[in-house]
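There are 2 protein chains.
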Amino acid sequence: MKKNAIVAQSGGPSPVINSSLQGIIDACNSWPEHIGHIYAGWHGIEGILLEELIDIAHQSPKEISLLRYTPAAGAIGTCRYKLKDDQVEDYQRIIEVMRAHDVGYFFYIGGNDSMDTPDKVSKLAREEGIELIVTGVPKTIDNDLGDEGFTIIDHTPGYGSAARYWAYLIQNIDEENRGMCVSEPVAVLQAMGRKSGFIPAAARLADPEREMPLQIYVAESGHTLETLAENVNRQLQRSGRCIVVVSEGFDAGSLGEARDGFGHIEYGASQTTVAQVVTNYLNHAGLKARGQTTGQLPGVIQRSTSILASKVDIAEAYEIGKKAVEIGVKEGTGWMATILRKPGSTYVPFLEKVPLPVVANSARHIPLSWITKDGLDVTDDFVHYAKPLIGNDWPEIAIEDGLQRFSRFNVRFIEKKLPPYLPIRFR
Amino acid sequence: MKKNAIVAQSGGPSPVINSSLQGIIDACNSWPEHIGHIYAGWHGIEGILLEELIDIAHQSPKEISLLRYTPAAGAIGTCRYKLKDDQVEDYQRIIEVMRAHDVGYFFYIGGNDSMDTPDKVSKLAREEGIELIVTGVPKTIDNDLGDEGFTIIDHTPGYGSAARYWAYLIQNIDEENRGMCVSEPVAVLQAMGRKSGFIPAAARLADPEREMPLQIYVAESGHTLETLAENVNRQLQRSGRCIVVVSEGFDAGSLGEARDGFGHIEYGASQTTVAQVVTNYLNHAGLKARGQTTGQLPGVIQRSTSILASKVDIAEAYEIGKKAVEIGVKEGTGWMATILRKPGSTYVPFLEKVPLPVVANSARHIPLSWITKDGLDVTDDFVHYAKPLIGNDWPEIAIEDGLQRFSRFNVRFIEKKLPPYLPIRFR
Numbered sequence: 016m017k018k019n020a021i022v023a024q025s026g027g028p029s030p031v032i033n034s035s036l037q038g039i040i041d042a043c044n045s046w047p048e049h050i051g052h053i054y055a056g057w058h059g060i061e062g063i064l065l066e067e068l069i070d071i072a073h074q075s076p077k078e079i080s081l082l083r084y085t086p087a088a089g090a091i092g093t094c095r096y097k098l099k100d101d102q103v104e105d106y107q108r109i110i111e112v113m114r115a116h117d118v119g120y121f122f123y124i125g126g127n128d129s130m131d132t133p134d135k136v137s138k139l140a141r142e143e144g145i146e147l148i149v150t151g152v153p154k155t156i157d158n159d160l161g162d163e164g165f166t167i168i169d170h171t172p173g174y175g176s177a178a179r180y181w182a183y184l185i186q187n188i189d190e191e192n193r194g195m196c197v198s199e200p201v202a203v204l205q206a207m208g209r210k211s212g213f214i215p216a217a218a219r220l221a222d223p224e225r226e227m228p229l230q231i232y233v234a235e236s237g238h239t240l241e242t243l244a245e246n247v248n249r250q251l252q253r254s255g256r257c258i259v260v261v262s263e264g265f266d267a268g269s270l271g272e273a274r275d276g277f278g279h280i281e282y283g284a285s286q287t288t289v290a291q292v293v294t295n296y297l298n299h300a301g302l303k304a305r306g307q308t309t310g311q312l313p314g315v316i317q318r319s320t321s322i323l324a325s326k327v328d329i330a331e332a333y334e335i336g337k338k339a340v341e342i343g344v345k346e347g348t349g350w351m352a353t354i355l356r357k358p359g360s361t362y363v364p365f366l367e368k369v370p371l372p373v374v375a376n377s378a379r380h381i382p383l384s385w386i387t388k389d390g391l392d393v394t395d396d397f398v399h400y401a402k403p404l405i406g407n408d409w410p411e412i413a414i415e416d417g418l419q420r421f422s423r424f425n426v427r428f429i430e431k432k433l434p435p436y437l438p439i440r441f442r
Numbered sequence: 016m017k018k019n020a021i022v023a024q025s026g027g028p029s030p031v032i033n034s035s036l037q038g039i040i041d042a043c044n045s046w047p048e049h050i051g052h053i054y055a056g057w058h059g060i061e062g063i064l065l066e067e068l069i070d071i072a073h074q075s076p077k078e079i080s081l082l083r084y085t086p087a088a089g090a091i092g093t094c095r096y097k098l099k100d101d102q103v104e105d106y107q108r109i110i111e112v113m114r115a116h117d118v119g120y121f122f123y124i125g126g127n128d129s130m131d132t133p134d135k136v137s138k139l140a141r142e143e144g145i146e147l148i149v150t151g152v153p154k155t156i157d158n159d160l161g162d163e164g165f166t167i168i169d170h171t172p173g174y175g176s177a178a179r180y181w182a183y184l185i186q187n188i189d190e191e192n193r194g195m196c197v198s199e200p201v202a203v204l205q206a207m208g209r210k211s212g213f214i215p216a217a218a219r220l221a222d223p224e225r226e227m228p229l230q231i232y233v234a235e236s237g238h239t240l241e242t243l244a245e246n247v248n249r250q251l252q253r254s255g256r257c258i259v260v261v262s263e264g265f266d267a268g269s270l271g272e273a274r275d276g277f278g279h280i281e282y283g284a285s286q287t288t289v290a291q292v293v294t295n296y297l298n299h300a301g302l303k304a305r306g307q308t309t310g311q312l313p314g315v316i317q318r319s320t321s322i323l324a325s326k327v328d329i330a331e332a333y334e335i336g337k338k339a340v341e342i343g344v345k346e347g348t349g350w351m352a353t354i355l356r357k358p359g360s361t362y363v364p365f366l367e368k369v370p371l372p373v374v375a376n377s378a379r380h381i382p383l384s385w386i387t388k389d390g391l392d393v394t395d396d397f398v399h400y401a402k403p404l405i406g407n408d409w410p411e412i413a414i415e416d417g418l419q420r421f422s423r424f425n426v427r428f429i430e431k432k433l434p435p436y437l438p439i440r441f442r
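Chains as they are written, first to last, in the numbering used here: chain U, 16 to 442; chain V, 16 to 442.
Just so you know, these hints were derived from the structure itself, not from any lab.
Hints should not be assumed to be uniformly reliable.
Copies of the same chain look alike in the list, so a pair counts if it works inside one copy or between any two.
[What the hints assert, rightly or not] Subject to a maximum C-alpha distance of 25 Å in a straight line, what follows is the list of computed SDA-like cross-link-like pairs (lysine to any residue):
| # | residue 1 | residue 2 |
| --- | --- | --- |
| 1 | Lys326 | Ile414 |
| 2 | Lys326 | Leu418 |
| 3 | Lys77 | Met227 |
| 4 | Lys77 | Lys357 |
| 5 | Lys17 | Ser360 |
| 6 | Lys303 | Leu240 |
| 7 | Lys17 | Ala115 |
| 8 | Lys77 | Thr394 |
| 9 | Lys402 | Glu245 |
| 10 | Lys368 | Leu355 |
| 11 | Lys303 | Pro435 |
| 12 | Lys326 | Glu411 |
| 13 | Lys210 | Gly255 |
| 14 | Lys388 | Arg427 |
| 15 | Lys402 | Arg423 |
| 16 | Lys326 | Arg420 |
| 17 | Lys303 | Gln107 |
| 18 | Lys210 | Gln419 |
All chains, full assembly: derive it from the sequences and hints.
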């Protein structure tokens with residue numbers, strides 16, 4: 016029986032989130048006997064609650080094909096709308112919207128917090144006897160979804176691109192710091208990833224032979240500002256310069272933390288940053304070299320820079336989007352598409368499915384065994400794990416009239432069929 | 016009469032400084048009857064004072080050819096060593112080193128502060144009756160060298176790449192902000208350029224049609240934190256989101272400023288930043304939209320990202336390096352190579368020479384007529400000026416084994432011929 020589909024995104028953008036969207040669209044179109052219209056929730060679950068839906072059929076094939084190299088979440092939007100168990104009205108509204116638009120498939124692209132939503136919607140639909148197939152599509156640059164044994168997911172789409180950003184950034188910064196060290200001997204760079212160290216760890220990919228004076232402080236490192244400064248000064252005595260990559264979740268005392276819609280610390284909106292605290296601490300403590308420490312805060316740039324996306328990541332994000340549709344059509348509701356890798360020294364990924372309740376609100380850190388004993392680096396096991404994910408090539412970002420040509424959707428909502436609704440968190 | 020040459024760099028790196036170095040090397044090699052060995056001062060004038068010289072003949076042709084796409088100043092280093100008039104010993108030492116190594120040509124790549132040094136060395140050599148031809152090669156991402164009538168130099172090599180960084184960055188950030196605005200409606204990004212607005216202005220190149228909710232606060236804008244917040248909130252009421260590009264030199268009150276070797280404010284080493292102050296001010300004042308402001312501080316990343324360099328800039332930096340050698344050989348001492356453009360609507364640049372005293376310590380701001388009346392934007396005249404400088408293509412950065420392949424010089428100093436010397440500022 017033919018039903019319509021809704022696709023929606025949740026949580027922070029990644030450079031490849033649109034590639035998963037494209038995979039979902041292409042796959043839906045390849046099951047015409049099962050899936051009719053494809054609608055996108057404008058800004059994720061908020062768009063579903065508000066009945067703000069975009070018809071993918073109104074988008075030109077060219078714009079859909081451009082999704083592959085369009086970073087972040089500008090095409091259909093994303094959000095951080097938290098749906099707690101007690102928001103019964105919100106859940107009922109979601110079911111009503113699905114029913115009103117004859118939706119039988121719901122594809123939800125998101126990270127660990129976000130996977131809670133499709134899980135709950137899937138269960139609720141089943142309870143109410145509604146034919147709604149809900150499938151999750153993993154996405155987070157943080158790579159913190161799943162378990163530390165990597166049995167639920169090997170790596171999340173988005174992570175490979177964040178890792179490539181850091182590998183290439185540190186290569187450039189090494190040229191900068193090498194050239195400028197007699198005046199600015201220490202460059203501090205703050206990486207995303209909250210309390211999970213996968214993103215800062217990726218700086219090591221810039222220098223697997225350990226030739227650069229690079230120190231990596233993941234949140235899990237056990238270091239303090241004092242021991243960080245000691246280590247930096249030891250490096251300055253050895254090398255005359257030092258590149259410090261520090262996690263936004265590194266314990267540098269109070270930051271005047273802000274919180275996002277999920278209740279997590281929003282480091283980019285806090286009153287100060289780990290990079291600034293570390294920079295000030297080093298400049299105040301004094302460097303064992305002439306010159307000063309400078310701080311860099313790429314912030315959301317690291318999750319939205321198209322040219323630094325990984326082609327491996329782009330391709331996998333697309334395939335996992337397609338796989339999610341196949342799982343939905345063939346296996347029914349309640350799964351998340353996942354990517355695993357075969358054991359052995361060669362990188363051989365494969366797609367699988369995992370029950371949504373297993374992933375919902377799961378969280379992992381970088382394995383402690385991948386952090387070196389001195390807490391300043393990650394091991395070759397990490398390099399072996401992450402290196403294949405960054406790929407071997409530049410993505411082919413189209414340029415028109417000197418500018419990047421990104422996908423631009425026609426944001427016109429389909430006709431509403433329900434009375435207006437104010438989501439609980441907007442009240 | 017055949018003489019050796021010294022090339023050295025000064026001031027902050029740019030993504031194309033090595034391209035000028037390559038142009039100088041190639042041109043020196045094309046005048047074998049005039050120029051013998053080519054030496055590079057390791058970390059600029061500091062390397063000359065310390066007699067730390069690298070022989071370019073010891074570098075492989077492959078590494079020299081890779082300079083074109085190697086960003087920042089890691090190949091031969093740069094510095095911020097200030098040479099004041101009263102540092103007589105330092106100047107004498109420079110002359111001694113030139114004499115000891117039979118140097119007849121001195122090519123100095125630098126910005127407005129740096130051009131003071133070759134000017135003084137040129138004059139001193141003439142006074143002492145030494146055959147030393149000194150030629151300046153302009154370089155600064157800030158584009159603040161020269162005059163506001165653009166008669167001394169149209170634009171400095173390095174600026175086109177910083178402009179491309181900002182154009183492409185803002186395109187990516189627009190995707191990010193469009194997608195994420197229901198949670199993070201305001202993205203603040205701090206641009207370099209000190210008190211001169213050419214770099215933040217380049218954000219406009221991302222959106223010459225003015226479709227994005229983009230506000231640009233150059234230091235010369237006349238805005239305060241209060242009026243900035245008012246404008247951002249007006250934008251939020253219109254568009255639901257806002258991208259704020261703010262100059263590091265914008266007046267946001269005290270930053271606990273640090274100073275560099277030239278005595279200028281070193282924004283990256285200060286105790287806080289304009290981006291942080293603006294972010295905190297907006298979050299404290301309250302936004303007329305749900306969610307929060309986030310701050311981004313690309314810092315030195317904007318002057319060292321190879322893939323975001325402009326191919327036009329790379330090519331011009333190379334040609335201006337070659338031109339400097341030609342000027343030195345044909346016209347004698349005391350000039351800086353410069354680039355001008357022909358009047359008219361098509362971009363036609365040409366190379367010229369300008370006396371060093373004219374450029375030494377010159378400084379320009381963005382013309383006030385290029386800032387819009389509301390102080391939130393730059394005019395189409397600016398777009399017309401800057402657009403041709405960012406080029407139309409990605410540079411061809413070689414990738415080997417998944418990583419960028421940059422030039423790596425063999426840093427082995429040539430045999431010293433003089434007793435050790437401690438530069439005045441190191442004492």
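Hint by hint, here is what the structure shows:
| no. | hint | result |
| --- | --- | --- |
| 1 | Lys326 with Ile414 | both (17 Å within a copy, 13 Å between copies) |
| 2 | Lys326 with Leu418 | both (20 Å within a copy, 13 Å between copies) |
| 3 | Lys77 with Met227 | between (43 Å within a copy, 22 Å between copies) |
| 4 | Lys77 with Lys357 | neither (35 Å within a copy, 39 Å between copies) |
| 5 | Lys17 with Ser360 | neither (44 Å within a copy, 58 Å between copies) |
| 6 | Lys303 with Leu240 | within (16 Å within a copy, 37 Å between copies) |
| 7 | Lys17 with Ala115 | within (15 Å within a copy, 87 Å between copies) |
| 8 | Lys77 with Thr394 | neither (43 Å within a copy, 32 Å between copies) |
| 9 | Lys402 with Glu245 | neither (30 Å within a copy, 46 Å between copies) |
| 10 | Lys368 with Leu355 | within (10 Å within a copy, 61 Å between copies) |
| 11 | Lys303 with Pro435 | between (64 Å within a copy, 22 Å between copies) |
| 12 | Lys326 with Glu411 | both (9 Å within a copy, 17 Å between copies) |
| 13 | Lys210 with Gly255 | neither (30 Å within a copy, 30 Å between copies) |
| 14 | Lys388 with Arg427 | neither (55 Å within a copy, 34 Å between copies) |
| 15 | Lys402 with Arg423 | between (32 Å within a copy, 22 Å between copies) |
| 16 | Lys326 with Arg420 | both (17 Å within a copy, 18 Å between copies) |
| 17 | Lys303 with Gln107 | neither (63 Å within a copy, 29 Å between copies) |
| 18 | Lys210 with Gln419 | neither (33 Å within a copy, 29 Å between copies) |
Taken one by one, the earlier hints fail for this structure at numbers 4, 5, 8, 9, 13, 14, 17, 18, listed in ascending order.
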